[in-house]
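Engineer: Sequence:
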Amino acid sequence: MFKNTILFIIRLFVGGLFIFSGLIKVNDPVGTAIKLEEYFDVFSNDIASFFYIFKDIALPLAVFLVVAEVVLGIMLIVGVRLRFTVWALSLMILFFTFLTFYSAYFNKVTDCGCFGDAIKLTPWESFTKDVILLVLIGVLFVFRKDLSNDGANWAKWTVRVSLVLSVLLSVTAIRNLPFIDFRAYKEGVNIQEAMLPSAPLEYSYVMRKGGEEFVFDQYPSDDSYEFVEMKLVNEDALPKISDFAVWTSEGDYTEEILIGKKAVILVVSIAKMDTEHLYKIDEMVMGIQSSGITPVLVAASSEDQINDLISDRKWGIQGFQGDATVIKTIMRSNPGVMLLNEGVVLKKYHYRNTPTSEEVIGLMK
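If you read the sequence shown in the working numbering, its first letter stands for residue 3, the second for the next number, and so on.
Errors might be hidden in some of the hints.
[Claimed, not checked] Here are the simulated DSS-like pairs of lysine-lysine, each with C-alpha atoms no more than 30 angstroms apart in a straight line:
(1) Lys-242 / Lys-349
(2) Lys-330 / Lys-110
(3) Lys-263 / Lys-282
(4) Lys-242 / Lys-131
(5) Lys-330 / Lys-274
(6) Lys-37 / Lys-330
(7) Lys-242 / Lys-57
(8) Lys-330 / Lys-316
(9) Lys-37 / Lys-122
(10) Lys-5 / Lys-147
(11) Lys-188 / Lys-122
(12) Lys-131 / Lys-37
(13) Lys-37 / Lys-242
(14) Lys-57 / Lys-110
(15) Lys-242 / Lys-122
(16) Lys-57 / Lys-37
(17) Lys-37 / Lys-110
(18) Lys-122 / Lys-110
(19) Lys-188 / Lys-282
(20) Lys-188 / Lys-349
(21) Lys-316 / Lys-349
(22) Lys-349 / Lys-274
To be clear, the hints were calculated from the coordinates, so they are not data collected in a lab.
Just need the whole structure built from these sequences, with the hints factored in.
Structural biologist: The following block contains the structure:
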């Protein structure tokens, strides 16, 4: 009886954690795909070149993983096909533990994306979390024969409904934008303010003298101390945004783009962007150019590609270069539109939902 109680508690904890993790990532499968692409890049360079081919299927693979997390977590809690579930979770946690260990030990992908952008964990925190889950799932695996291999009809229907809903939510998030935006560039954020520390940064100084280490709030004036390292005390005061920048061959234009009313067309890759819906952006650009709202293009492409796109579409606007990782963080759509008013993010749009010029003008009043 005691053993069954312990096993049930473990099932609740592990299942709940997988459901929580999965739902956060179902909200943003594109973000999970971006993280997988980072891993495949690293593995193709460090382990074997064939990992590079997985980048082409990163998005469907991301959907499979996030849906599997939710469904397997529910199956574990409600008691449907528990032996299969424990096997599947064991394989999944072994895979995740390898990823997080590789990230932590080799300092490659510094954010595993375990909880999407909602909860940031350091590589070693992610690895520790996976080791704990590995031990708990290992307990379930050892006692898997004591687990029921079937479930009630209501439980089976719960699993089926969760599978369908998870897939639908994932597809909807991909074809639009995440339902909840946990990123630093979410609507309402003042980018200029987010690029500044929230408080004066404080440091401690680790010094060595006579074989012993000492920590000071101020750098000591005594020359007999040997400097070891400087540590940031209040890391939570660091800027939420540290990498936003746009530029051309003539120089940096970050400050200019954060002044006034801007409709920013964001493109991760001009070569790979969706062109079927560009006519919506054409209409928006033409309709707002005399309204006091300045449309601009920011793309992670060469200046020639940017100028060619502007010329081909007859936009007559200024184009800037930007970092691909930053653009991916801002916009889960290629292309996408972000409305800025004095550096404040008013609204973001997937290319499928490009606003009309009237909607843009109405929002910018």
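Engineer: Each hint should be assessed against the structure and marked as holding or not.
Structural biologist: Do the hints match the structure? See the list:
Between Lys-242 and Lys-349 the CA atoms are separated by roughly 19 angstroms; this keeps the pair inside 30 angstroms, and the hint holds. About 19 angstroms separates the Cα atoms of Lys-330 and Lys-110, which keeps this hinted pair within 30 angstroms; it holds. For a cut-off of 30 angstroms, the pair hint linking Lys-263 to Lys-282 stands: about 20 angstroms separates their Cα positions. A C-alpha spacing of about 25 angstroms is found between Lys-242 and Lys-131, which places the hinted pair at or below 30 angstroms, so the restraint holds.
A distance of roughly 13 angstroms separates the Cα atoms of Lys-330 and Lys-274; the hinted pair therefore holds under the 30 angstroms criterion. Distance hint between Lys-37 and Lys-330 is fulfilled; the C-alpha atoms sit about 11 angstroms from each other, no more than 30 angstroms. As the CA atoms of Lys-242 and Lys-57 are separated by approximately 29 angstroms, the hinted pair is consistent with the 30 angstroms bound. A C-alpha spacing of about 25 angstroms is found between Lys-330 and Lys-316, which places the hinted pair at or below 30 angstroms, so the restraint holds.
At roughly 13 angstroms between alpha-carbon atoms, Lys-37 and Lys-122 fall within 30 angstroms of each other, so this suggested pair holds. Restraint check: the Cα-Cα separation between Lys-5 and Lys-147 comes to about 13 angstroms, which is no more than 30 angstroms; the hinted pair holds. Distance hint between Lys-188 and Lys-122 is fulfilled; the C-alpha atoms sit about 16 angstroms from each other, no more than 30 angstroms. Taking the CA atoms of Lys-131 and Lys-37, the gap is about 18 angstroms. The hint holds against a cut of 30 angstroms.
In summary, the hint linking Lys-37 to Lys-242 is supported, as the alpha carbons are separated by about 20 angstroms, within the 30 angstroms threshold. The straight-line distance between the Cα atoms of Lys-57 and Lys-110 is roughly 17 angstroms, inside the 30 angstroms bound, and the hint therefore holds. About 12 angstroms separates the Cα atoms of Lys-242 and Lys-122, which keeps this hinted pair within 30 angstroms; it holds. Note on Lys-57 and Lys-37: the hinted pairing holds, with a Cα-Cα distance of about 10 angstroms set against a maximum of 30 angstroms.
As the CA atoms of Lys-37 and Lys-110 are separated by approximately 12 angstroms, the hinted pair is consistent with the 30 angstroms bound. Our distance criterion of 30 angstroms between C-alpha atoms is met by Lys-122 and Lys-110, whose separation comes to about 16 angstroms. A distance of roughly 23 angstroms separates the Cα atoms of Lys-188 and Lys-282; the hinted pair therefore holds under the 30 angstroms criterion. Straight-line distance between C-alpha atoms of Lys-188 and Lys-349 comes to about 8 angstroms, which keeps the hinted pair within the 30 angstroms bound.
Taking the CA atoms of Lys-316 and Lys-349, the gap is about 24 angstroms. The hint holds against a cut of 30 angstroms. Among the hinted pairs, Lys-349 with Lys-274 is consistent with the structure: their alpha-carbon atoms are about 24 angstroms apart, no more than 30 angstroms.
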